[in-house]
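Here the protein sequences come in this chain order: X and U. Using the working numbering, count along the first sequence one by one with no gaps and you end on 576. Using the working numbering, count along the second sequence one by one with no gaps and you end on 168.
Take these hints with a grain of salt, some might be off.
In silico DSS-like links for lysine-lysine, alpha-carbon gap of 30 Å or less [stated by the list, open to error]:
#1 X:K143 / X:K194
#2 X:K194 / X:K434
#3 X:K143 / X:K124
#4 X:K448 / X:K434
#5 U:K52 / X:K434
#6 X:K124 / U:K52
#7 U:K52 / X:K194
#8 X:K487 / X:K523
#9 X:K448 / X:K523
With the C-beta cut set under 8 Å, the calculated list includes, among others, these residues of chain X facing chain U [unchecked claim]:
#10 M70
#11 Q179
#12 G491
#13 R495
Chain U residues, not near chain X, derived (Cβ > 10 Å throughout) [said to hold, decoys possible]:
#14 D75
#15 G77
#16 S82
#17 P105
#18 L128
What the hints contain is simulated information worked out from the structure, not anything from laboratory work. Here the structure is a predicted model, which is why all the values come from computation and not from measurement. Glycine is no exception: its CB is placed at the ideal position from the N, C-alpha and C atoms.
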Amino acid sequence: MNALSVPVQVAAGRIQLVDVRRRALLLAQLRMLMVGAAFLALAAAAILRIAWIGVVEPAPHQRSMAAALLPPRGEITDRNGVPLARAFPAYALWFNPAALDDGGPPLVQSAEAVAARLKAIFPDLDEHAVAQQLRSGKAGYLRRRVLPEDANRVMALGELALELPRETDRHYPQGSMAAHVLGYVQDGKGYVGMEAALDERLNDPATRGEPVALSIDARVQGALEDELRRGMLSVNAVGAAGIVLDVDTGEVMALASLPEFDPNRIDDEGRNYVFNKVTNQVYELGSTFKPLTVAAAIDAGTITDLSRRYPATPFHVSGFTINDSHGMGASLNAPEALIHSSNIVTAHIVDDLGPTRMKQVMADLGFNERPYIELPARGFPIWSSGNWPRLRAMTVGYGHGVAVTPLHLATAYATMVNGGIWRPATLHKVAPGQASRGRRVFKASTSARMNQLLRMIAVYGTGRNANAPGFRVGGKTGSAEKPGGGGYNRSSLVSTFAAAFPMDQPRFVVIAMLDEPKGTVASSFQRTAAWNAAPIVGRLVPRIGPLLGVLPDETRDVDLTDLKPLVGDSE
Amino acid sequence: MTSQSRLRRIGWFAALAVCTALYLMLHLKVHSVTSEVVRAERQIVALEQQKLLLETEFETRSNQLQLAAWNRVDFGYTAPSAAQFLENERQLASFGSPRAIGAPEPIRVAGGAGTEAPSFPKLVSPLTGEPIDEALVEPAGSLSGAELAERGTMRIPLGAVIGSASR
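So here's chain U without its partners, still in its complex pose (with noise of 0.2 Å):
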């Protein structure tokens, strides 16, 4: 056997052991992410439990009788009368009384309000000094995750998890 092909021949085998290190250390790598995915699926779970229980205590502490109770002995409120309650700016200004005869003229601003008056300051960016563009402040799909929370007890959104993962 020359040496030439033994260095082949040895090259081969290197060539092979590289490449199944390399799938090992692959695979080795996938189980990793594998299991750590679902250790954080467990704590997931775990904290969803544990929200559950201290949601459904709060519930349990707040109850409806135990409001009635508490406000019986303690609190005392009552229903807001008709009185309390306004329709419109037309019954806030039946409340209102003529000026008297003789009274001060009411005091008014020079500049007030209009089309003259800055419109509200936009948020600035601390860092460039710059206005923030608001859809950048606005959390974006914050929306489709509360619409899935909103379905019930799976108050993971499990597609959006699901979803980023994949993407």
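This is chain X alone, in the form it adopts within the complex (with noise of 0.2 Å):
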């Protein structure tokens, strides 16, 4: 039994030390596979957060970095990269009575002490309307555009009351500078001006950090505002307009009309000024209109010499009488017309001409719709549909019977100068070579030709207040008087002066126009275009023409010598 018993015994010893070995291997291999596990579980997590940071999330330095730098509304400069528009953080100044909260009185101080010491961070602050407000007790803007460094100051004041709210707001550094270009914004809404016509492409996330190059040039823009102000103030004009424009590519390198307005501090007399002159007011713009008629008659070839006169004596038609303003001799040639701006004359070219051609040719000009310009505002001309009569005709021909609208004007004179290719004006910067194709109008020679009658004009006729020394200018004036009360206005005349620069090589047109010029000292009493918009241009080109690249050189000029016989005896 013991005998039995005891290798039983072992045998149970060894088969339980068999069974506790197993056990014991077991449970390392058991210990051995959660450890692996443990390791893959991290491997995996590993190898899952390395695969949602490549692929699920976006890099988080890139999006934040450029989501904080992207302007809430695209900036707009001039074609040099100058700023004309950008959005601007700043703080505001608002007063929150109740952010005490205590049912007390909302400042610590008296409204008066509070005041004063605003008005030592801002000196220009109306301390007695303020300290009015502040007792008053109702919330509202105490100011507008706080720098960082006062809003710093306006918390070292203490007050809880007075909040300073992160306001994104459009700044324009060059202030009423190109305000009718550029428009304005209301609450995040353009107005008026480019900031209307782009108002999308400043506002879609996806473009709005990169900005808009406008055709201006900020510097052509300031000279051309400071002369037309200049020019109008010394006349007392009620209003002015003035185009710098690119006669190859149609840019508008500035774009003017008085009085302007704020597009900072946008207001109701502001509004009042919206109003572009430029582009949304027709005018009958007078006898700027005759080289154009001139430049019609040599295309059809109706004009062939230039040597051929024409009767200057007051001209009947249809029960109408066409007169000039003072007697120019019994005949005129039609240099001479363009010298001394015969309406007469150039009503007999318009007979010659045939209303139906001189309407094609006004046509094509773009006179009979509206202008080619982004902006929002642009104004219908006056243009009679249907066949012209004879009369019409002759009228249009000096610039009564249609009504356009200057940058219309500036178009046209563009086409006539720069080898007869009409091309819209645009407000957008031009790549080089990227110019509109445009359409033909008048024939290279035609172009050649009027370029020689336009420096003339400028040398021995009606221009000769725009013959800036060196610079070749060539142009028209033309005063017109206004229509009202059922006929002509004899005493308010709307005076233009269109001019191209250099004549040899014609690169820019220049317009300045006049709204109701009164005679004064500074126009030796006279109303006329030569007297008062003529020596704004004579004024202006000199200052941009170094600027826009045209070198004045007192050695080059048109070739004169073949017309100059012609007009011998007017100087």
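These two chains come separately, so use the hints to put the complex back together.
Encoded structure:
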């Protein structure tokens, strides 16, 4: 039993041992498995995390910085990158009487003391008005556009009721300059100018990071406005308009309409001036049309001999008499008619040309449709459709009976001097070689002849005041009476000077227009364009010429030798 | 359990602990670098905004209206006249006058200009005294950065920053 039991015991002990060993092995294997699984899980987690970062999550630093630097509204610059309109992070000073929230007075100090301390920070503050507002206990803006350092100083006053909410603001560093080109922004929406035309692009997150370059040159714009304002004030005109246009690309280098508004602070008074005189107001532009008429006649072949003389005595047509402002002798040739600005001779030239052809040329110059430009405000010309009677064509020939915007006139002059190609005006910067193809209106030979004739007007004729030395300016004056009271108003004029320079290789057209100029000392008590609009161009061209790459040179000029004998007696 | 297997077990745990600790350290390091980058970016954004502010202020104070007003009141500058411009050497030479009779001969300097003149001195390194390779002085990649900066309000060459960080 015992002998039997011992081996059994031994066997049982061995079995137990084997069992323990197997169990320990199993346990070890299990632990090994668990550790392995833990490592595997860790590795899997790391790989998943890497995959997550690489695939799903956008790179955080790229997003944050790009988003932070993306302006809330795109920037507008001039052609050289000078900012004209930009989104500007600014603080506002807001009075919140409920800020303390304890039922007591909203301010710790007295209203007068706070106003005085604010005045120390903002010297132009109306202390009395602010004190009154603080006393009244009504919430409201005390000031907009507070600079950060001023905001810090306001914080240092320790008044909880003075809050400084951060606002994104539209700022126009150049103030009222180019106001009609830019327009203004209110509640995130653009009005009037390019702010309205480009509203979508300036707001689109995909495109607003990139500034929009306009064709405007800030320096030229500044000079144009400066000279126009000076000219306008010196003759007590009610308004003025001006444009500088590149004749080969149609780019608008400067566009001004005075009086202007301040886009930084648009109020009711400013809203009265948002009307753009250059693109929206139509005028009968008078004698400035005469070169276009002569060009049409040369182009059609009805003027082949410039020495041909036309009668200059009052011209009776269908019960209407066409007169000149003063007697110019018995007869004139075409160059003399331009130099002295004769309505009668122009009417004879149109008579030879015929109304159909006259109307066709005017239509080709775009006078029968709104001007081409990106601005939303574009005026429709006063244009009579249907067949033109003889008298209508004649009056149009010297700039009456068709009313167009100054922009129309600038585009037409650009067509006349650039070799005969009409191109739409644009406010976008045009890359070299990307100019619109345009359409041919005049022959190149006509254009070359017109360049001579325009230069002659500035050298010998009514445009002498615009003849800036060395810049080879050519141009035509125009003084038209404004329509009113069932006829023409003798006392109110629109005087225009349409010019191009340099005439030996025309690059730019300049239009200066004054609305209702008076005779003053500055204009030698004259009201016509030769005395008020032409001097503006004469002062403007030397300022802008070198900026635009036109250097004055007194040794160059258009060759006038073949035409000079025709007007020999004028000097 | 034998002491050997226990040792081995402790060894495994130690390895696991070391790995975990290393992983944690790496993780923390990554986080600290990330937050440093974020802080640097915030600084860049703040500086950009400050720059924008200063630039706008400068543009505003020097706007065309203000310059015209200063010119009218204080300086009175006028546009240069045609006589102040020179088109070419010929025009410049036309201002000269021929030498008068009996005027002294112009002084001629021996070994004047021409092929014998030494070339412009090269930039010499202050350390080695050797002429510096010009390619080293040229700031590399500044063009691309400037080009990017030209593109507008995003004055930071973002592409360059990210590109160099990932390199």
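Item to check | Broken hints, by number | outcome: 9, 12, 13 and 16
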